[in-house]
Every structure is written in C-alpha cells, then in structure tokens.
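J.: Take a look at the letters that make up each chain.
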Amino acid sequence: MAVRQETAVRDSVTPLGATGPAPGPGGVWRRLRTRPAALASGGVLAVLVAAALAAPLLTALAGQDPYAYHGDLVDSARGGAPHGAFGGASGAHWLGVEPGTGRDLFALLLHGARVSLLVAAGATLLQVVVGLAVGLTAALGGRWADRLLSRVTDVMVALPMLVLAIALTTVVPGDFPRPLLLVLVMGLLGWGGVSRVVRARTMALRGLDFVAAARLGGSGRLRVARRELLPSLAAPVLTYAAILLPSNIVLEASLSFLGIGVKPPTPSWGQLLSTATTWYRADPAYVLLPSGLLFVTVLAFTVLGDAVRAALDPREASRLRVGTRGERAERPLEGGESVHVGTRLAGSGAKSADTGTRLPRTGAESPVPHEEKAP
Amino acid sequence: MNALLSGARFTAKRLVGAALVLLVLSVALYSLFYLLPGDPARLACGERCDPSQVAQVRERLGLDEPVHAQYAHFLQGLFTGRDYSAGTSVRHCAAPCLGLSHQNDQPVSTLIVEGFPATLSLAVGAMTLCLLLGVGTGLLSALRRGGITERVLTVLTLAGTGTPVFLLGLLLLMVVCAYLRWLPFPSYVPLAEDPEQWAWNMLLPWLTLGLFESAKYARLTRASTLEVLAEDHIRTFRAYGVGERAVVARHALRGALPPVIALGALDLGTMLGGAMITESLFGLPGLGRLLIGSVRDVDLPVVVGVVLVIGTAVVVANAVADVLHALADRRVLPS
Amino acid sequence: MTPRTAPGTDAPGTDAPDTDAEPGAVPEAGAVPPASGALVQVDGLTVDFPVGGGTVRAVDGLSFRLEAGGALGIVGESGSGKSTVAQALLGLHRGTGARLGGTVRVDGTDVGAASVRELRALRGATAAMVFQDPLSSLDPYLAVGAQIAEVQRAHDPRLSRRAARRRAVAVLDRVGVPDAARRARSRPHEFSGGQRQRVLIAMALACAPRVIVADEPTTALDVTVQAQILDLLHEVRTETGTGLLLVSHDLGVVAGSVDDMLVMRHGRVVERGPVARVLGAPAEPYTRELLAAVPRVETPRRRPPDLRKRAGAGTGGTRADGPLLEAVGVRREFGRGRDRTVAVDDVSLTVAAGETLGVVGESGSGKTTLGRMLVRLLAPTRGTVRYDGRALTGVRGDVQMVFQDPVSSLNPRRSVGESVADPLRAAGTLTDAEVTRRVRELLERVGLDPDAYHRYPHEFSGGQRQRVGIARALAPEPRLIVCDEPVSALDVTTQAQILELLARLQGELGLALVLIAHDLAVVRQVSDRVAVMRRGVVVEEGPVDTVYDAPRDPYTRALLAAVPVLDPVEAAARRAARRGATAEHAPG
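Protein chains in written order, with our numbering: chain F, 1255 to 1629; chain R, 119 to 453; chain S, 25 to 612.
FYI, nobody ran anything at the bench for these hints, they're computed from the structure.
Cut-off 20 Å, straight-line C-alpha distance, at most; resulting in silico cross-link-like pairs (SDA-like, lysine to any residue):
| id | chain 1 | residue 1 | chain 2 | residue 2 |
| --- | --- | --- | --- | --- |
| 1 | F | K1517 | F | D1319 |
| 2 | F | K1517 | F | T1532 |
| 3 | R | K131 | R | L442 |
| 4 | R | K131 | R | T430 |
| 5 | R | K131 | S | G359 |
| 6 | R | K131 | S | R360 |
| 7 | R | K131 | R | V434 |
| 8 | F | K1517 | R | V416 |
| 9 | F | K1517 | F | A1375 |
| 10 | F | K1517 | F | G1354 |
| 11 | R | K131 | S | G361 |
| 12 | F | K1517 | F | G1428 |
| 13 | R | K131 | R | L143 |
| 14 | F | K1517 | F | T1355 |
| 15 | R | K131 | F | D1400 |
| 16 | R | K131 | F | D1408 |
| 17 | R | K131 | R | L445 |
| 18 | F | K1517 | F | L1372 |
| 19 | R | K131 | F | V1409 |
| 20 | F | K1517 | F | L1438 |
| 21 | F | K1517 | F | L1435 |
With these hints in hand, go ahead and build the complete structure from the sequences.
T.: Have a look at this one:
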C-alpha cells in the first residue's frame, strides 16, 4: 500500500539539486499549511500519537488494564462473544471487551497503537539508516562496491518482503521478543528502496558542478559528503520515509493478522484483527474498531506523506529526477550536441501489503547516457 | 535489425542476470534455514522425538553431511531428483525435488503443484480487474484534471491506498456475505470441476485483491499520464493541429503505459507466488496459504520450496517487466 | 513530390485565400510594402500570466504585420516576451490560464476568437511552428516519418496512410535528410541534433504552411550546424514563398535570415525596421547597447594586451621562463571495453603566467574534458599536466575553475557566502571572523553587495551567480583560472559584463586564464592565444589574430565561415560561399 511510483523525467538534462530554490523549514511549513487535508491528517496523527504515548495513563484513568481478563463478561455459550450490545460496551468498558478473554478493548486499542506505531517507526528508522549507508557507499565507494551493492539492492527490492518476513520468523526462537523481531525483519529487509533513491540522488549530485567546485576548493571526500551531499539528500530521504511509514504499519498489521507477527497477549491492531474472521458475525464492533483505527491512521499518514513530498519539492512532485553521470563523457560526435537521456525509472515504491511487491525495476536507475549517433 | 539484435542481447542479459539472482537466493535461503539456530532434524521429527529418533531423521535427511554437500544434494535434487532412505525403505523424490514435507512426507513439489491452480485463478482474475479499474480510473483522473471527477477519484484512490487488503476483504465479507447475503461465503471450487461455481466463489477474492491493487495502478497511471502530457512533444502535436483525442491516444498513452505494463508484469509474477492474505481470508488452497501453514508448522522444506518458487516467479517477472519496458522504449537499450 | 504548392492553395480546412483582413490598419509596419495584405497581423497584443496572486505581463501592447512571403525576426534577451509572441500566433496559450488582449490574425483567422476547430486547421497547415529543442519536441516512441504523416493526416483525413508516408519521405528528403526513405523509419534519438532539427522543419513543411514560426530554432545547435539549419530555412523560404517569423536571442542569427526585425524588451517593441537599418544605424539606446555587447568575430580584441602582461609579470614566485601550466600529451578515455571512447587525445598546451588561452570547439570536441584535466578534477588516462614545472597529482588552490551553468555550480541549499567561504574553511588557516571578512571582500571585488553573504543562489540572477562562482574561484588565491563556458548561459549584455569582470580581475591580480567556449567571437575578444579543438584533438593553435585572420586548418575555416555576422550583406555573401562549399560534401 501507499505505493508511490516515482517516474523519472525522460530528459534529465536539467541537473537535479539545482531545480529551483531549496525550501527552508519555514517554506515547507508554509506550503503544508495551505493544504487542509494535510493539516487534518496531522491533527489526527498528533492525537493518536499522544494517546499511544499516554496509553498507560489513559487506561489507568479509565480504570482498566489491557492484561486483565474478565471471563464473566463473555458468553461461553456463544463461543465467548461478549454479553450485551456493541461488543459489551458499558460504563466501565467504554468500547466493549475482547471476545473470548473479556479484556478491555479501549485499553487494548491504545496499547495496540503503541506497539503498532513503535514497530512501524522503528522499522522505518532502521530502513532509512541501512538504506542511507548502503546507498552512499554504493555511490561513493568505487566501481566494485557499487556493482556488488546495487546487485544486492536489486534482489532486496525484487523479493516480496511479506514472504521473506514470514519465512524468517520460522527460524527465530519462539521466545525472542516479537515486536523487536518485527522491527529487525522489516528494517533489514526493507531498505532497498531507500538505498536506491540515495544512490541515484548521490550519483546525480556527484556530477554537479558545485560538488566539483567544492573539491577544487580543497574539500575532502567526507567534507563533500557532509556539506554538499547530505543536505540535498535530506528531502528525498524524508519523503521516502514518509511513504515507508504507513506501509510499515500495514505490514506489521498484515503479519500479525496472519498470526506471524505480534502474538497475544501483546496487543497490536493487526493482532486484534487476527481473529476477526471468526468474530465479525457475532461481534462486529470488535472487528470494526481496530479496522477503523488502522484505516484512519494509514490514510492520515499517506495524506501527510503526500503533502510533505509536495511541500519539500514542489517542482519534483511525483517524479524522481535522475541526473547525469559523475563524469560526463564527451564523445566525438558528428556535429551534434550530446544529450543525456535518463531512462524512465520506476524503482522506488514501497511494497504492497498483500503480495509484498515493490514497484518494478525498469531499466537501470543510473541514466543510460544515450549519445546520439551520427547518421 | 540492429535494434532487434540489441533487444535480443538485452533480453538474454536480463535472463542470465535473473538466473544468477536465483542462484544467490537459493544459497542464501538454504544457509539461512538450515544453518541458523534450531536443529532442523528436531523440527522435522517433532516434539516427542527422543535423541535416537532425531539422529535417524538427521541421517535420513542428510543433515549430518557438511553444508556444501547438503546444498549440492539440494541442487542435484532440483535438477535430477534424489532418494531419501529411511532404514531399508527408499523414498524417491522426482525432479524438480525440493525435499519432503516434515508434516506428511509428501514431496514439496507435489504440494506446490496442488496449490497452484487456486493461486493462478486468483492472480489472473484479480490482475485483469485491477488493470481495467486502475488504468481506467487513472486515465480518467489525468484527463479530467481540475474537474470534480478528478477530485472524487483522487479521494477514492487515496482511500484505496489507505486500506490494507485484509480490511477490504473483511469489509466485503461482512457486507456482501453476512448482511446483504448476495453471495454465499466463498469456498474454493476448482475450475475443472464446475466453472460456474468456480467463478461465483472467486468473485469476492478477485474483487478484494483487484480493488486493493487497482488504487496503486490508478495513481501510477495518473502520474505517468500527467507527466507525459507535460512533455514537449505533446505540445508539438497540439501545435500542429492534431486533435486532442489523437494526441492522448497516440502519443500520451504510448509514453504513459509502459511503466504501468511493467508494473503489471511484476505484480502478476508476485501474485503467482501467492497472495497470502487474500488466500487466507477466503480459504483458498493456494501457495500463499501453503506457505503460512508451513511456517506455523515449522515445516522447513516446504517454506524453502515455496519461497524459492515465489522468488523465481518474482525474478522472472522482473526480467519480463524490464524487457517489456525496453521494447516499449528502445532508448533504454544499450546501443 | 515536394510540397512546393503555391501559398494559399493547399491549406485544407482553412478558408484560405481571404487574406485581406483589415487593409491599412497598421501604419507602423511601414517598412513592408503594403501590397497584398498581411499574412500575420498583430494589433495591441498583451499577454498576462497568472503568477501567485497577481499577474505578470509578458507582452505589452505589441503590434506588427508580416506580409505573405516576408520574413520577420524578433530578437530580445531572456524575459523579453519574444517566445510568448510566437506561441500566441498559434493560440498555444489556450487553456494555460494566460490572458490575451488585442487581436492576432493569421491568414485571416482571428486566433483569439477562433473555435477549436478553426484553430486546429490553422496550426500546422497555415502557420507551422519549429521549436527550440528538437529532441524533446518529437515523440520518442515513434518513427519520425510516422510523426510527419500524422500531422498531414490530421489536416487531410482523406489522405491515405500510405500517401502520407510517401509525402513524409518527400519532405524529409527536401530538408536534406540523407537516405530519407530509410531514415523515415528511425526514431528521433537515432538522429544527430542537426538532423533532428531538419526533421522538425520537415514536419513544419509537411502541410505547406503559409508561415513558419521558428522559436530559437538553432539555440541548441553547434555553430556549423546552426549555419546549415539557417541556410535551410532560407532556402525553403526562397523556394516555396513561405513566410518566416524567426524568434531568437542572437542578433547574428536574425541578421542573415530575415528582412525586417523587431527588438523587444520587457514585452514591448523597442525598435523595428529593416535589418540593415536597425543593425547598421540603430536609433534606440537599448539597441545600441545590445549591439555593443555582441562580441565580433571579425574584429581584433579591443584591449591592448601589454597592460595585462605587465601585471602578470609583476607577481613573483614563478620560475621566470617556464610556462605556468602545461599539458603534455594528455589523453582521456571514458568507459571500458566496447564502450570506450576517447574524449581527449594527445593534447599538449601551455599557459604562461598572466596570459589568456582560448580553447574553442563544438560540442563533443573534448574541450570540457580537457578543462577538467587542467584543474585535475579528472585524471588524464595518459600524459601529464604540469603546474609551475611539477606534475599535478590532485586539485590545488593555485588552479581554479569557473563553471558553465550558474545554476548547478552553486549548492542551492547553502548561502552564497558559505559557498565562497568553503575553500577558506577547508584550508583551515583562518578564523571565522577572518573568513567572513575575506568573503565580503571577495564578493565586493566581483561586483556584488558584501551583504549578499547570507542569501541563497535562487535569489540571484544568472550573471550574479556567475559572479559568485568567480568569487569562489578567487578565494584560494589562484594563479590560473580555467573558465569553462563561463558566459554561454547568459544574455548578451550580461555576458559582456562578466567578460569585462574577468579581464579586470586578470589585470588586477595577474591571473592566467584558460577560456573554454564554443563561441568563437567570445574567445577572440578575450584571448591572447587560441587552440581549436575537434574530436579530442587540437587542430590548430596560435596567436588569436593569426588563427582568426589566417586560419590554416580547413575545420577552423569552416567554423569561422559558419559564425553568424551582423551585416546582412556580409551574411548573404557568406551564405553563398557556404552553398558553394556544401555542394562538395553531403549535408549534416
């Protein structure tokens, strides 16, 4: 889900990084403010994150505990469906109770939000860190490092993450903490997209004149990377992370839904939904609440991510520019100008939740400099 | 002719690349699953095995051999088949042999072949629906830019991308089957048995997966079309009095669709590897469900086998997508 | 069968012959004899673009007329609104949010009021546009023949596919695409830049329009190819009687190709009249200023060279006799195996302290690669670059560079002061306060406000950015600066200012300069010596006046012959000379 196709512009004669003003933080905020949908999403997410952070406090205020079982609140004759309408909602249990166990659903949802968001955020962070490291190394570390790492990245991007994540969970001991396992699995499998974006960007930036100028001014590799490259990488990486986050939420939910992620009694939204297929007839409230919450959260993150992307890079919205190669080869031509034609690139989507696909790797993402042929 | 040749070279190169990736993948998977913590023999034998039984299983599966020999046997089994001996009895596993299931001793390849029809049914139907819906919506919203149509479609698409597939499936099940009772709860009927029942029972899974995937295609098609429409050559044909319909049909689509088609090829490959969630949700006995079941049962040969098959489908689809893309836009080809 | 039909008889879908729209309406086109009525008639045209909350007026009260078969040039610097005028003629502003005032009539059709159908009939069949960038202006996925055929069929649906293809081949042949029948099946990327522009012109000719609107048709091309394309346009005009409206920033391009011209500035006409009169005896100060800024290839450099020489000799520390920078047999290859190309092959050059060496060549000649090797941004595959007698093994502060593109040569995310300060900080010998003081000094020296320190590149114009680039190059106190196309992205008046600045700095600081450029006139105006490059090799080298006035190499001669000149009579003579020459080799 939250799949974003970033197609490269075909003519990448305009160098990247040089496309218009670099919006400062103020500019980004100004642009975000003009989008009501983004503001609303931001508001929803702020409330949600605050509630997740304050989950122990809020549950205590409600006088509940996510791990307190209430066998008396469920009807064992109906297979454990809660007594009463709306999933057993009452003054004590505001949103009803979990069928089968009678645990308080309000408390479960809040604590579930903690787990879901934490796992997604952790996985995103790990993906970004690994992706940055791999992408930068590939772009700056010489030809062989680039070949090797690009191949590995290709494989990582091509493989369906859900499948690998599921498979990997089999070889991990059962007592390993599940949320941490999810962060590791998702983080270590899902960095391919970030790495690609970083590599392509860095390669393009590296060929720009201001980098050459910095080198001429006596800046060493590290100084160039820190001063000239990283600031320009922040925007695309941030944008990409904003796409990854909701897709990671969905991935966690999907894994837990399949019974392979977070295991009870630890709650997460996906885990709560894992028994949904058996309960949606007897206790629809139990299914609808976590579903609704999950839907709203993912949607809000998606909308916000979209807005952040547009605000960070208004000119490049929905496109990823691929610039010229580091060393622009001049070839002897028959009286024509040399033109670098970037290939269309569709290489940087997040995976889809069901099949776990990423978007296609069509062509190479380093542009194929297509020198024209003289007739 | 030259283009054809370089096209063939490109295709060959991509296929060789795909084969290499698969080889690497198989090594990685093999080492991951058979060398990491946890004793595969114990897992295969089950909880109640005593040490001597475990040793027996280990010998039978060849797990007492050195790692590279094990992998060599695995590869050999893949291409020529191999024999598993248990005491006096010998069990032959025909090529392509991916090993025997710990659970029921069936060859993994048999299990995979059994699961394939359901997966294929789901993939083809869902993909068709998804392409029709996604490309249609995307085009419409790109061409009606700025209108109310676009806004409605944008909201719908956004909601679509925000809906995890299992939520969509659950919702459809609840509404269509439980409340409206328009359809019975789906249960898989093989196509060969009863085509009509097959179609009725597949309808909901198709809708679920197709709708879910179509949001992505709608966004891609829209972005891609808008991008092409903004290009200079579109301006050229407009400036030469070519009608808007012809500009879109002949020039915009030609540029906008290749990435969509490439993505379609890729997704189809992935779906052929099994759409786990949809299959689980609707009880389709496909590859995805096979994988999840084997993970729950810690049935390593099945896990490795299914993952390899899925990997193959994806890698081949990737290569096909690349080649399709190169055919559509020959500038990608090295000269 | 070439579409050499008489104008007005073959414009399907238009009510063509009714050309006499409003006789006697436009007195200011007095230069043109008001004979048969105007083909293009523009009255009080204004174009406003919505920007942010308000609007920007790109064209302000413009009027002109173009008679059938006439040729009109519109020149102006960037932002003058000249391209907007060209687009307005075809109604290309429809649906973009731009607001048009006044009237535009093309062959009797009121473009502003025309229906979509009428407009479509007008576009291509009556007025055909030739765009600037021929690569992006053609559909990359389709064979060029099919694209031309499509345009024809759009205007004449009865034309069979096959007949349209045949005609496409015929027009391609007409514009000098060799082996047209086969090449019609090639896609745009398989052509060279010049051939692609020919294809675009073929498309323009496909429906035998009454006027061709060419918007900077040669800006993306090399000078020799530019000459060929301009000759082609001229030939088409004289043979078919098609009118020509040529939009260009280059006075030389206009001088040789049209009869009358408009000079535009800020959306208004500054001066108009026959080319010979406007360029020969400009009445307006702005026109004079423009003309003064245009570097001439035919006149020797204006500055007495000895002043700068003395300044150069003044700086000590060099070994008195040897050259400051020396390239010895440098060669540079790119790629490996089958993909290997040689960008620079066995080039040897010297630059003495305080002198200016010009390096001139067309695209692909290897001049940029050579420049990058001279500052050691690129390592030569073979040969060495020596600075002050010792081989260079890496970049050093003494040898700096000014880059071509004022946009990409400054980091958009850093303030210009920080960019200039970077070499100083990297050296690490100055305190922060000293760095700031030095940067302010440098900014002032290149003619910028020292308070510009904290501003970002996008707040500056192209010329100002180039000044920042020069300040940055000066920061490490170099003895030599390689300028790679330092003015090619700038308007002609800005160009003159930057060249003047470079010359001044050279005089003050005793710098040696290597000026790499494709523009022969620019090189002549600032260089002491010049090297002409072609396909990675220096074909001719020597004192600048010797090379320009008595070129020995045939390539140098061809280059010089292709340079557009400001005198229309001279331009016609050169055209005739070129036609004689091209009879010998195939075009392209």
